[in-house]
Amino acid sequence: MNAPSRIAMRRLDLTTGRIDLTHGAGGRAMQQLIGEVFRPAFDNPILARGDDHGLFDVPAGRMAMSTDSFVVSPLFFPGGNIGSLAVHGTVNDVAMSGARVLYLSAGFVIEEGFPLADLQRIVQSMGDAAHAAGVTIVAGDTKVVEHGKADGLFINTAGVGIAPPGIEISGDRARPGDIILISGTMGDHGIAIMAHRAGLEFETTLESDSAALNGLVAAMVGAVPGIRVLRDPTRGGLAAALNEICHQSGVGMFLHEAAVPVKPDVIGACELLGLDPLNVANEGKLLAVAPAAYAGRLLDAMRDHPLGRDAVAIGEVTADPSRFVRMATRIGGERIVDWLAGEQLPRIC
Amino acid sequence: MCLAIPVRIVALTSPGMAKVALGGIIKEISVMLIEDPQPGDYVMLHVGFALAKIDEEEAKRTLELLVELDPKVMADFSPADAEAEAP
Amino acid sequence: MKHLDEYRDGDTARHVAAAIHREAEPGRLYRLMEFCGGHTHTIFRYGIEDLLPANVEMVHGPGCPVCVLPIGRLDMAIRMARRDGVILASYGDMLRVPGSKGQSLMKAKAEGADVRMVYSTMDAVRLAETNPDREVIFFAIGFETTTPPTALAVEAACSKRLTNFSVFCNHVLTPPAIGAILDAPAAGDADAVAIDGFLGPAHVSVVIGSQPYEVFAAHYGKPVAISGFEPVDMLQSILMLVRQLNEGRAEVENQYIRAVTRAGNVRAQRAMARVFQVLPAFEWRGLGSIPCSALRIRDEFAAFDAEHRFDEPYVPAEGTKSCECPAVLRGAKKPTDCKLFGQACTPETPLGSCMVSSEGACAAYYAYGRMRTPAA
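Chains as they are written, first to last, in the numbering used here: chain A, 67 to 415; chain B, 36 to 122; chain C, 1456 to 1831.
Chain A extracted, bound-state conformation (with noise of 0.2 angstroms):
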């Protein structure tokens, strides 16, 4: 009889087995943790070497690097869960420079107690994000923490890509008269979250719209070397970013409420928790702004992209000291877009 030339550990239980601390700790039983979980999702020659290090070639130009934790909760939502969203909400930033994405890299803060079959569910789904979107997940840290003191997971990730020559794009471009243009419906993300979390108790079959980004910013890059600024209006919403993009550049906007287009479960979630669908968050949707010469060709290239497919003209930048945002209301009066105020409480009265 053969003697097997090493010890052949019992494979992790997935499905009913739990994080504990070994698998934090550096030794055998993370390298197993690595191994059976975090490589077959992530499978690529880079990561398969086995440094904690990914070493890799890069093409010439000016490299763009982003990095964002994801802290959110519920970690399994509609259209989504934490790992997805890593993915998606890295690679999108990246893809605001105008960049070509290339390779992210993911550290995972664990409870101890995580189920491994959660664990594995959402290193899957990252894997066949990064896989859709073709960036490589080339590097990873995993740390275990005691009960209670991280919920349930935390992930970072970071990530780079290259910007080809002459493409100009920043916060700080935008230029009075240039038009504002966004992708499609907003507020999807953030109502998808708010309604499966506890105590809100309404049912929708809305999906959160964590998408990658990178594809349609190409084709829109492709069509409009031109463009200003691109940015996805996550945390804070659309009005977040557009009030950003007025400091960077020290100009204002005027928008047309009648043009931004919100999905109706949207508009209903909204209007039970008194939210504005502008200040809700995104995960899958871009602005842009760009000169008005060009704009019915970026709209065009847009539309033609199945993440594009609602894109429409919602404003114009103008010239304005006070930088405000403001916004011809449906009934033609006019009010300011503001950044929220803190925490988002809803009205009862």
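Covered stretches of chain C, as calculated for chain B (at least 3 residues, CB under 8 angstroms): (1) 1575–1582; (2) 1601–1607; (3) 1709–1717.
If you are wondering where the hints come from, they were derived from the structure by calculation, not from laboratory data.
All figures in this text were calculated on a predicted structure; none of them were measured in a lab.
Where is the CB? At the ideal position from N, CA and C, for every residue including glycine.
Chain A is already provided as a structure; the job is to place chains B and C on it using the hints.
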């Protein structure tokens, strides 16, 4: 005076409770303050309670009153700021 | 969405506004108070003032229960929240209102008090059911719209024989407050503002009916138009008031006929009467002490009355120096008349309740309308 919104009763559930719909969102609320709530009725919802049924006849009357305002007047009037036309 | 979209329609709104422009007599000033904070919010959120002629002025009223709650009462709630074993359940609006010494429920929560936001009184009852070893106190505020739900919660707690649920009652009444506003000029109030007519609250009126306002038309000679909540509703109500004033009439007209009747919601009124009785007087921020203007829990429900269960004294407290909330609430000053507005007092760093509540005139003006005043 407080935030209340019109929702449609979808179904009566347990005594005094009903599922209502607003734009595709479904929520369960109390209808204890309403006389004889029925599926299809519209009610005003406030902090988890229906406060009144919407009277469809009176609603129609309100809209008719609004529409009867002389359309000729529209031509003379333009609000101070730009009209809400999408670019 | 039915019964909503029609009253937000741009063309309809412009139709009605055109009629207001045509019918408002040039050279005559129409000062109309919208009592309700929800209406104030609608005005700014839709920019209704942009559709009105210059001689039709909206004066913002005190109908914001968060705004009119005396600081001393909020301080009591904060002290209750800090007690061992207490879960204080509150509607979202109250959490950030500044109490005395820079305290708030939100700050108390950050310092370890168990403060929970609820969307409905029944959520608070459920908290008591699922936490039998804790004392759940529901911080009840609101006008007559919000009071029936509290009444039902007390009765539910009673029928479930809960021993760990109580209500800290700060429910206030609308008609006495309107009366106080109308009495102010005669009472020698130096900055009392003259008001020609009232837009009556939408959902308070759903509960109390249109009948309680008849005294203001009959005794004070002021026209009232009970108005729905949406911009077209408000414009139509403003038109009704302009017409009443032009014709020298003083009546209670009901624009919100789809939801308001003369008698109101009798079931809701009965629920309120079963659980609450009227206090002889209650102090209102900005309006002083008003007789018979607030509610307390009846003795038979004393076990559910937080003021009965917990010995928390009421200590009157002053607001921040230079804070003009009281004058803003009376309609005597505009938000921009307050030195602190937009400077030290913003939604992120509120110094007064009018800036916290989204129905407060200051918050509404800051969030939606501050481009109307050139930056200081």
